[in-house]
Amino acid sequence: MNTEEILAKLTPVFRDVLDNDRITLAPEMTARDVEGWDSLANIRLMITIEEEFRVKFDVGEFQEYRNVGDLAAGVKRRLASH
Amino acid sequence: MAVRRMPWLLQGPEDLRRRSEAIDSMNGGRGDALRELAAHELNNNQLLRLARSLNLARAAGAEGPLSNFTLGLVSNAASDFIVPALEGTGLRHGFALKVEAAPFGVTLQAALSREFGVLATDPDAILLALDYRAYFADYALRDTDADVTVDDALDKLRGLVRAFQASSRAAILVQSIVAPPERLFGSFDRRQPGTPAWLAARFNDRLVAEILETGVILVDVEALAAQVGLGLWYDHTQYMTARLPFADECVPLYAEHVLRVVGAMRGRSRKVLVVDLDNTLWGGVVGEDGIDGIQLGQGDPRGEAFLCVQRAALALKQRGVLLAVCSKNDEPVARKAIREHPEMLLRENDFSAFQINWEDKATNLKILAERLSLGLASFVFLDDNPFERAQVRQFVPQVMVLELPSDPASYASVLMNAGLFEAVTFSQEDHTRVEQYAANTRRDTLRAQSCDLGAFLRSLQMEAIFTTGGEVGWSRFAQLINKSNQFNLTTRRYNEAEIAALVADPVTLTLQVRLVDQFGDNGMISAVIAVPEGDDWVLDTWVMSCRVLGREVEYAVLNHVAAEARARGIRRLIGVYRPTERNGMARDHYAKLGFVRVAAREGEDRWMLDLAQFTARDVPITITSSLVPA
Chain U
1 MNTEEILAKL TPVFRDVLDN DRITLAPEMT ARDVEGWDSL ANIRLMITIE EEFRVKFDVG
61 EFQEYRNVGD LAAGVKRRLA SH
Chain E
1 MAVRRMPWLL QGPEDLRRRS EAIDSMNGGR GDALRELAAH ELNNNQLLRL ARSLNLARAA
61 GAEGPLSNFT LGLVSNAASD FIVPALEGTG LRHGFALKVE AAPFGVTLQA ALSREFGVLA
121 TDPDAILLAL DYRAYFADYA LRDTDADVTV DDALDKLRGL VRAFQASSRA AILVQSIVAP
181 PERLFGSFDR RQPGTPAWLA ARFNDRLVAE ILETGVILVD VEALAAQVGL GLWYDHTQYM
241 TARLPFADEC VPLYAEHVLR VVGAMRGRSR KVLVVDLDNT LWGGVVGEDG IDGIQLGQGD
301 PRGEAFLCVQ RAALALKQRG VLLAVCSKND EPVARKAIRE HPEMLLREND FSAFQINWED
361 KATNLKILAE RLSLGLASFV FLDDNPFERA QVRQFVPQVM VLELPSDPAS YASVLMNAGL
421 FEAVTFSQED HTRVEQYAAN TRRDTLRAQS CDLGAFLRSL QMEAIFTTGG EVGWSRFAQL
481 INKSNQFNLT TRRYNEAEIA ALVADPVTLT LQVRLVDQFG DNGMISAVIA VPEGDDWVLD
541 TWVMSCRVLG REVEYAVLNH VAAEARARGI RRLIGVYRPT ERNGMARDHY AKLGFVRVAA
601 REGEDRWMLD LAQFTARDVP ITITSSLVPA
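Heads up: the sequence lines are chains U and E, in that order.
Heads up, the first sequence is in our numbering, so the first residue is 1 and it goes up one at a time.
Heads up, the second sequence is in our numbering, so the first residue is 1 and it goes up one at a time.
It should be emphasised that the hints constitute simulated quantities derived from the structure, not laboratory data.
The C-beta atom is built at its ideal place from N, Cα and C for all residues, glycine as well.
Among the hints, erroneous ones may be present.
[What the hints assert, rightly or not] Here are some, though not all, of the chain E residues that point toward chain U, as calculated from beta-carbon distances under 10 Å:
#1 Glu21
#2 Asp80
#3 Asp235
#4 Leu244
#5 Asp248
[As the list claims (entries may be wrong)] Each pair of labels, with its calculated beta carbon distance range:
#6 Asn2(U) <-> Ala315(E): 52 to 62 Å
#7 Thr11(U) <-> Asp151(E): 49 to 59 Å
#8 Arg319(E) <-> Arg32(U): 25 to 35 Å
[Unchecked claim] Over 10 Å on every C-beta distance to chain U, these chain E residues come out as not near it, computed from the model:
#9 Arg49
#10 Arg58
#11 Ser67
#12 Gly159
#13 Gly229
#14 Ala242
#15 Gly297
#16 Arg302
#17 Arg311
#18 Leu316
#19 Arg335
#20 Leu345
#21 Ala497
#22 Arg566
Sequences are here, hints too, so could you generate the full structure?
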């Protein structure tokens with residue numbers, strides 16, 4: 001899965017978890033750019049992404065991603081190591 | 001959805017969010033629509049979305065006909081993920097549930113303070129969601145006596161329970177604890193006092209023996225975790241990241257288990273299991289394959305699967321669940337198989353009613369409800385055929401229809417794990433309920449033979465036993481009040497502690513009524529609570545078992561209440577009727593008894609009986625009053 005495909009698959013996860021259909025993800029987006037993306041939603045995102053992509057992040061890893069691009073790269077790395 | 005944890009439910013819809021949004025903009029019917037959506041298996045995100053819709057409906061005053069229920073939640077971990085899951089799951093059980101959680105990080109004692117919200121809302125129940133970490137901080141074996149460690153843990157819980165009981169009328173729910181899966185020695189842990197496994201096992205045993213006293217109810221989280229699998233129950237990453245007490249994936253099932261207990265407290269548990277025959281109780285189609293051709297019994301894997309279904313149904317019957325058959329078959333053929341197949345565990349007399357014909361099953365279920373004098377909302381329907389399940393779901397949505405996987409080997413466990421017959425008490429009467437229904441069928445036969453109703457009732461040789469005090473029977477009294485929905489004038493629910501307080505109150509009447517007749521002991525069949533208001537007695541609660549309808553028991557009860565009232569200088573009886581979805585049959589109760597309607601308010605009618613004008617009616621029942629039930 002390339003970064004673009006990962007972003008395309010992440011978008012519905014964000015829409016579902018944050019209950020907002022207007023979200024369209026871009027690599028440079030951060031939590032500040034998306035309404036409702038608070039620390040609680042961040043955990044929900046982590047858990048849902050893990051389930052959706054069948055990957056597991058190490059403890060603390062998800063919280064270190066600075067933006068959506070970082071996250072997509074992280075998912076890509078995890079997928080590759082499987 | 002990754003793994004089906006609740007295979008007895010329909011799979012959650014992909015477009016749940018869109019459907020919830022559609023409900024949010026509905027003018028009426030939001031409560032029913034939300035309940036229908038929540039009847040699916042949903043993940044935690046979906047439950048969160050439903051909880052949002054519920055809160056919108058509540059803000060608009062549009063949550064009817066869901067019942068309001070407030071649950072205080074005290075947790076030693078983060079409850080942010082659990083609260084919406086509980087509220088969303090509440091919908092599945094017919095509740096507009098509001099959870100008030102003590103904020104994370106407050107000390108347990110601070111949770112008791114009114115400013116934190118748990119007590120400020122006067123909750124109906126308080127859940128002490130404390131896990132292993134709340135009691136046993138670390139793994140290491142200590143020098144101190146391990147029993148003292150358990151003493152301290154139980155004291156901590158006992159203190160909280162007592163403090164909440166003293167400051168609230170809420171029922172208290174406590175949890176068993178789940179030992180971490182990691183072992184210190186290995187198998188030896190169970191033998192060695194002070195190991196986590198030893199501490200948890202000892203704590204849980206003593207919790208049951210010492211804490212589950214009047215009013216305290218158990219949510220057996222340990223059993224739930226064992227069912228899921230201990231390795232999946234705890235998620236260390238999630239705990240370290242966000243203080244989730246157990247894996248997010250298990251939260252929906254946890255919420256379901258909590259709500260089952262809440263439902264049982266409120267009389268929502270089901271009472272009847274209706275089973276199909278072909279490919280449900282046995283393999284194959286008896287009408288085509290013949291009695292010798294159906295698969296049932298040891299020696300054949302499919303036959304063993306169906307034997308397990310029968311074993312489960314029989315076990316349910318033995319704890320008081322009624323069984324009935326609803327099958328498309330030729331009745332003589334099907335009955336012959338039940339009677340004569342050598343491997344049948346269930347026989348004709350295990351079933352309280354049969355509908356075996358070629359009519360549609362929704363109609364047959366309605367007839368069964370009438371025959372058993374029970375509401376459709378107390379029915380569970382077990383049928384391997386997806387078409388029949390869909391038809392019943394559509395036309396009698398009150399019936400709980402079990403979804404079944406294709407493999408009959410799991411039918412029995414799906415039935416048992418669905419938790420539809422959850423109970424918070426178990427009494428002698430539950431043991432004998434099926435017997436009572438059988439006797440009822442014999443009574444009906446006698447009635448059919450007897451044209452004169454009065455002569456019929458006299459021939460029953462009924463004896464009613466009235467009890468107003470003493471120690472015995474109050475658990476059943478509470479159960480009757482909390483489980484009766486149809487002949488229940490006010491549908492007020494009281495937990496055992498509240499009832500103990502009412503019984504102890506000298507100016508309140510708490511009346512148990514038992515009925516014995518020629519066919520046997522019907523057990524406690526009616527309960528009344530009357531509370532004084534000036535010179536009046538207000539009939540706060542009057543419930544009667546539908547099994548004894550049409551036997552003039554209510555006249556006998558009124559005679560007794562009127563006599564008690566007069567003896568205490570009471571001048572008038574005030575009857576209250578609060579209509580619900582299910583108590584329409586009691587609407588004319590007070591009119592029938594000669595009360596005059598004095599007020600019709602929103603959701604409540606009041607009726608008055610002037611005792612100066614009242615004469616006791618002759619009833620075909622011998623009356624015995626006693627302090628101690630016979």
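Task: Indices of hints not satisfied (ascending) - done: Per hint list: 8, 9, 14 violated.
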